[in-house]
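One line per chain: the protein sequences are A and B, in this order.
Okay, so the first sequence: first residue is 1 according to the numbering used here, each after it adds one.
Okay, so the second sequence: first residue is 1 according to the numbering used here, each after it adds one.
Because the hints were derived from the structure by calculation, they are not lab data.
Be a bit skeptical, because a hint or two may be false.
Which bits of chain B does chain A cover? Going by a derived footprint, with three or more residues having C-beta under 8 Å, they are [unchecked claim]:
#, segment
1, 23 to 31
2, 46 to 59
3, 82 to 91
4, 144 to 153
The structure displayed is predicted, hence computed values, not measured ones.
No residue lacks a Cβ here, since even glycine has one placed at the ideal position from N, Cα and C.
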Amino acid sequence: MKLKDLSKESLRVFAEENKELGVPIVVLAIAVILFMVFILPNILSFPSKKGDRDVEVDKLSQIKTAEHILQSTNTTQLNSEVDLVSQALPSDKNFELVLGAIKEAAAKSNTQVIGYQYADSGTPQLNSSSSLPSLLFTISVAGGVDQAANFANELYNIYPVSGLKSISMINGISEITTAFYYKPFTSVNATDVALARDKTTSEKKAMQTISQWNQQVDSSSTDESAQTATQSASPF
Amino acid sequence: MSANINLVDKRSPDDSRREKATKIKGISFAVLFLTAFLALVIFVVNYRFSASYVKKQEAELLSQLSSYNDTSAKIFIVNSKLTDISNVLSQRKKYNTLSTQIVAQNTGGASIDAYQIDEAGITMSVSSSTLSPIDQFLNALLDLSKKKIITSVTLKSLSLESGRYVVELSII
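The task is simple: from the sequences and hints, build the whole structure.
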């Protein structure tokens with residue numbers, strides 16, 4: 001008997017003797033494969049999956065907060081807030097609003113506006129202190145520094161929001177250079193309701209400030225209408 | 001001594017082998033069952049606590065809120081503009097207040113002939129027929145400096161022009 005035939009015979013005998021172990025071996029093999037192919041990779045990938053899930057949970061939480069805010073929003077108040085902020089920071093070059101502000105400030109500070117020059121300060125060198133585009137107006141008023149300061153002071157409490165660049169005075173004529181800011185609308189994905197959030201503290205403070213401007217303008221526009229009408233020297 | 005004690009194993013080797021095989025079979029099925037159960041649990045946990053499950057919830061919630069798109073856009077606009085307004089308000093220069101304070105120091109009656117305030121600071125030209133009002137104004141400005149309202153006052157020049165004393169000041 002050759003060695004090959006012997007080993008075949010031995011194997012056959014071994015298989016015959018241990019045939020009861022065939023099924024458990026197959027079952028254990030399936031269990032091991034299941035463990036190696038499905039369970040182990042899932043356990044190993046758990047930390048990265050948890051990270052992904054945490055990101056989505058944050059998003060979901062944001063949407064739920066937005067849901068609460070949207071459902072509790074007073075539409076009338078929101079519309080008036082849109083009007084208010086659109087006046088304070090127009091979405092385009094609103095000359096009517098700017099000239100109205102200059103007229104209002106002149107009336108409230110009892111200042112005679114002699115003339116003005118304007119430049120579109122979309123360029124950075126003219127408007128380096130803010131990222132917002134602005135209309136740069138140089139307003140000449142009759143009077144000294146205190147008169148110019150009063151005018152600028154009133155301008156700071158009137159729409160649209162402005163920032164002083166300089167005040168100069170020579171020979172009794174003062175020039176106030178101020179930037180009237182505007183900001184084009186940002187494109188918004190209409191389906192992204194998660195954008196709805198509560199106002200931050202600084203936003204609330206800004207809203208409170210510009211709301212007071214509103215009251216001042218409203219009350220002064222009626223009180224001082226007669227006075228404004230007498231500003232015959234005003235170029236407006 | 002008990003007569004029931006039988007030290008001779010009555011089972012044949014085949015019985016013993018069969019019994020062992022049955023045990024091994026039981027254990028292997030138990031292992032398979034446990035593995036399958038564990039796999040099932042992992043599958044359920046993966047599904048229930050997966051990012052895609054949360055995304056599905058997000059999508060459902062978003063579809064429920066689709067009627068609020070207009071309101072959401074308005075809230076975004078208001079908040080965005082308020083952020084910009086807040087930035088402008090916090091950054092804008094108080095040249096008006098400072099100018100009022102500086103002019104208020106001129107109680108002696110000196111004439112402010114020229115004035116300029118901008119990012120570089122303040123330059124001004126003050127004149128008077130006598131030196132006393134100018135001196136008074138300078139001292140008042142130095143008081144402002146002590147109060148940290150201004151940083152420094154520099155007398156750039158003092159001249160006499162047409163019988164009037166003229167000083168050029170630089171204030172930072």
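Structure-based check of each hint:
For the segment 23 to 31 of chain B, the stated coverage by chain A is satisfied: 6 residues place a CB nearer than 8 Å to a CB of that chain, which reaches the threshold of 3. Coverage of the segment 46 to 59 of chain B by chain A holds. Counting CB-CB distances below 8 Å, 8 residues qualify, and the rule asks for three or more. Restraint check on the segment 82 to 91 of chain B versus chain A: 10 residues with Cβ-Cβ distances below 8 Å, three needed, restraint holds. For the segment 144 to 153 of chain B, the stated coverage by chain A is not satisfied: 0 residues place a CB nearer than 8 Å to a CB of that chain, which falls below the threshold of 3.
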